[in-house]
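Sequences listed follow chains F and S, in order.
For what it's worth, the numbering used here labels the leading residue of the first sequence as 1, then goes sequentially.
For what it's worth, the numbering used here labels the leading residue of the second sequence as 429, then goes sequentially.
Certain hints may be false.
No farther apart than 35 Å at their CA atoms in a straight line, the calculated lysine-lysine pairs in the DSBU-like style are these [stated by the list, open to error]:
#1 802(S) - 120(F)
#2 282(F) - 449(S)
#3 835(S) - 120(F)
#4 362(F) - 282(F)
#5 407(F) - 315(F)
#6 835(S) - 282(F)
#7 120(F) - 851(S)
#8 710(S) - 790(S)
Just so you know, these hints were derived from the structure itself, not from any lab.
2 protein chains.
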Amino acid sequence: MSELEALSVRELNERLEHLEKTYGRFKEENLSLDMSRGKPCPEQLELSMEMLDVLSSTSPMETENGVDIRNYGQLDGIPEAKKLFAELLGVGPEEILVGGNSSLSLMHDAVARAMFHGVKGSERPWVQLPNVKFLCPTPGYDRHFGICELFNIEMINVEMTPEGPNMDQVERLVAEDEAIKGIWCVPKYSNPHGITYSDEVVDRFATMETKANDFRIFWDDAYTVHHLTEQPDQLKNLLAAAKEAGNADRVFMFASTSKMTFPGAGVAVMAASAENLEFLRKQLAAQTIGSDKINQLRHVRFFEEVESIEAHMNKHAAVVKPKFDQVLEAFRRNLGGKGIVSWSEPNGGYFISLDTLKGCAKEVVDMAGEAGVKLTGAGATFPYGIDPKDRNIRIAPTFPSTTELEKAMNVFCVCVEIASIKKLLGEK
Amino acid sequence: MSELEALSVRELNERLEHLEKTYGRFKEENLSLDMSRGKPCPEQLELSMEMLDVLSSTSPMETENGVDIRNYGQLDGIPEAKKLFAELLGVGPEEILVGGNSSLSLMHDAVARAMFHGVKGSERPWVQLPNVKFLCPTPGYDRHFGICELFNIEMINVEMTPEGPNMDQVERLVAEDEAIKGIWCVPKYSNPHGITYSDEVVDRFATMETKANDFRIFWDDAYTVHHLTEQPDQLKNLLAAAKEAGNADRVFMFASTSKMTFPGAGVAVMAASAENLEFLRKQLAAQTIGSDKINQLRHVRFFEEVESIEAHMNKHAAVVKPKFDQVLEAFRRNLGGKGIVSWSEPNGGYFISLDTLKGCAKEVVDMAGEAGVKLTGAGATFPYGIDPKDRNIRIAPTFPSTTELEKAMNVFCVCVEIASIKKLLGEK
Chain F
1 MSELEALSVR ELNERLEHLE KTYGRFKEEN LSLDMSRGKP CPEQLELSME MLDVLSSTSP
61 METENGVDIR NYGQLDGIPE AKKLFAELLG VGPEEILVGG NSSLSLMHDA VARAMFHGVK
121 GSERPWVQLP NVKFLCPTPG YDRHFGICEL FNIEMINVEM TPEGPNMDQV ERLVAEDEAI
181 KGIWCVPKYS NPHGITYSDE VVDRFATMET KANDFRIFWD DAYTVHHLTE QPDQLKNLLA
241 AAKEAGNADR VFMFASTSKM TFPGAGVAVM AASAENLEFL RKQLAAQTIG SDKINQLRHV
301 RFFEEVESIE AHMNKHAAVV KPKFDQVLEA FRRNLGGKGI VSWSEPNGGY FISLDTLKGC
361 AKEVVDMAGE AGVKLTGAGA TFPYGIDPKD RNIRIAPTFP STTELEKAMN VFCVCVEIAS
421 IKKLLGEK
Chain S
429 MSELEALSVR ELNERLEHLE KTYGRFKEEN LSLDMSRGKP CPEQLELSME MLDVLSSTSP
489 METENGVDIR NYGQLDGIPE AKKLFAELLG VGPEEILVGG NSSLSLMHDA VARAMFHGVK
549 GSERPWVQLP NVKFLCPTPG YDRHFGICEL FNIEMINVEM TPEGPNMDQV ERLVAEDEAI
609 KGIWCVPKYS NPHGITYSDE VVDRFATMET KANDFRIFWD DAYTVHHLTE QPDQLKNLLA
669 AAKEAGNADR VFMFASTSKM TFPGAGVAVM AASAENLEFL RKQLAAQTIG SDKINQLRHV
729 RFFEEVESIE AHMNKHAAVV KPKFDQVLEA FRRNLGGKGI VSWSEPNGGY FISLDTLKGC
789 AKEVVDMAGE AGVKLTGAGA TFPYGIDPKD RNIRIAPTFP STTELEKAMN VFCVCVEIAS
849 IKKLLGEK
């Protein structure tokens, strides 16, 4: 039996009274701390400032294939950018499309195009089908779910396990239902749990039977080099595995430099079979004259090679690891052993996921907000913003300073304990 | 009666024989000249090279409202960029959305969103209607037509006059047919004719009755400051006129710096009523975390104010005006007074439009191509690539050097005359 549950009603009430006084004092401090999004902090942004110097008015402006990057052309990216990202993602340059500043846009547009034109192998555009469904391992990334909502795609929750999505569930669902056309995955340091999918999960994704023959795995490899330890997680290459299984076309991979260089001024890429990309390029050509090649070259010149990206990401880790540790330490100190929460201890990514007692998450987030600590909305990590158990809270430790973080965690932990005690009292 | 028509069959045959010898000699030169797209030349690109120096690793990175441009945020643009483009387009900053590197993408996405979600005032998404039609003043811009083709939007040709689209036609069509949801316009220095719409045309657009209450004018103000003379054309402000008429929501304006700074690495904007933009922002938020704010600030710092943009565009004019003159001079010298062609003499923009005798355009473009002079495909300036009279050829003088242009025009004029004589002989 855990500590708080073991307390009598009187003891719980005493503890609650004490905590509410503390909470009251926090409110009087008029804090204003934002931990709602996975945003790099200013020290992280400083790490890439020299990228702004690599291209100047006197720099050569040609690609290795002789294209003037200042002019039109190169719809799907310059060769040196394709090469760099191909190496980073373990695919071929012909399997890379470099596009814009945001992998979110690439994902949105991939879904939008599938709705309007279908994907390679579709019998008809998805919008002409009676309904379209996506599997959503939960908790997951709210912006993925937002894209589905925008296009009226029905979302089906799939349980997350420490190895990745529950593949028994996934396999059963995709084998049964032709309307299931896709699944959202953050396979490495998942949002928000920080889970990296096991080789077995990747293999099952690569080989599983799908009723829909135009099923696509949206593999958002957002945190592929965003490690927090020197023993980073290893993710098996899905595109390679799917190719081996004869299912290359089911894979749409996405990544970006948003959290390597500058969010909003980075470079995003999509990786897929050459045939998938050929199909997409025709529609892409009607949408754009290509993405910013100067910024592509700026990134290539800044990084030069994958080893430099890795070295650069070690500098990021040196900034953010202490913040993750600080949050985890606060959890252990304030909430450990009380039997009211569990949390993830990720090896990378941008989030720590905390699960409260059933029915407490919304109250915790609201209370923290009232005390000036803005957290990701409770439920945001679930489709339609509905956490069926109202338990999951996503903590984004990177942006605040360590001083702010210390304060925010103190507030947060008090809120968690208050909500938990109220819940326990209600059950007694 | 014009010169060539006045010749006898024998005289025409002699002239044809002479021209074909000349053409044969051109072919032996193995030329490779590309005049197919409106591309700035390297000298024009050099004019903006200093823009690459205005932001460096030591520059302040905050907007005037204190936002770190290196991080997430500012979905629809930074305030200083909104202000600059608002002044340039004669609208309010709240009527500007700064988005990405390409106005083509903004137009594509505006159509895509209208199809999926409708626009403000739509009873339902356009994709759910039995059919959707757009008016297309012709000849016009092939990429506009490409967007319609992508979304299965039926295109209806509207005649161009020297004042703009034939407004009698436009008014009649939009008043009659609820399926007509939009019209494509390049209102200043139109593509390809170089026509600037008259005040009367703008007013009629602002005030006309439309059967569809969610009709939109796609006002692609691509060449708004791209003058070739010191007495530039003046375009009346459509958004202001439409506001006055109570029709503010029917206007979607677009512009970009693609041909001011760098194509592909510029900044694109959309201007529309604040209500239209509010409607769009909700969908935009699901697509993107915002466009490249560093590049926005780079542009703002490079230009500072509209006067500098105008001074900068004068430098562009100094480079390209001689090329336009060279083409026009070649036309006058080689084709003038022969009664076989007419051409536009624009005050700005990127193109000269030439009309051949009926049924000759495709042959001319093919012949020029065989001699190594690549032109915009005949028919490209019409919906579905079909020029009903096979007459229109779009000449893009900016990219080639003056030496290349001289050669290209010699080849081109010979091709025009050969095709014309064959046509005349066929009629005799």
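Each hint tested on the structure:
1. At roughly 32 Å between alpha-carbon atoms, residue 802(S) and residue 120(F) fall within 35 Å of each other, so this suggested pair holds.
2. With a CA separation close to 41 Å, the supplied pair residue 282(F) and residue 449(S) exceeds the 35 Å bound.
3. Between the alpha carbons of residue 835(S) and residue 120(F) the distance comes to roughly 44 Å, so the proposed pair goes past 35 Å and is violated.
4. As the CA atoms of residue 362(F) and residue 282(F) are separated by approximately 45 Å, the hinted pair breaks the 35 Å bound.
5. With a CA separation close to 25 Å, the supplied pair residue 407(F) and residue 315(F) stays within the 35 Å bound.
6. Annotation: proposed proximity of residue 835(S) to residue 282(F) holds, straight-line Cα distance about 34 Å (limit 35 Å).
7. Between residue 120(F) and residue 851(S) the CA atoms are separated by roughly 45 Å; this puts the pair beyond 35 Å, and the hint is violated.
8. Our distance criterion of 35 Å between C-alpha atoms is broken by residue 710(S) and residue 790(S), whose separation comes to about 45 Å.
When held up to the earlier numbered hints, the structure conflicts with 2, 3, 4, 7, 8 and fits the remainder.
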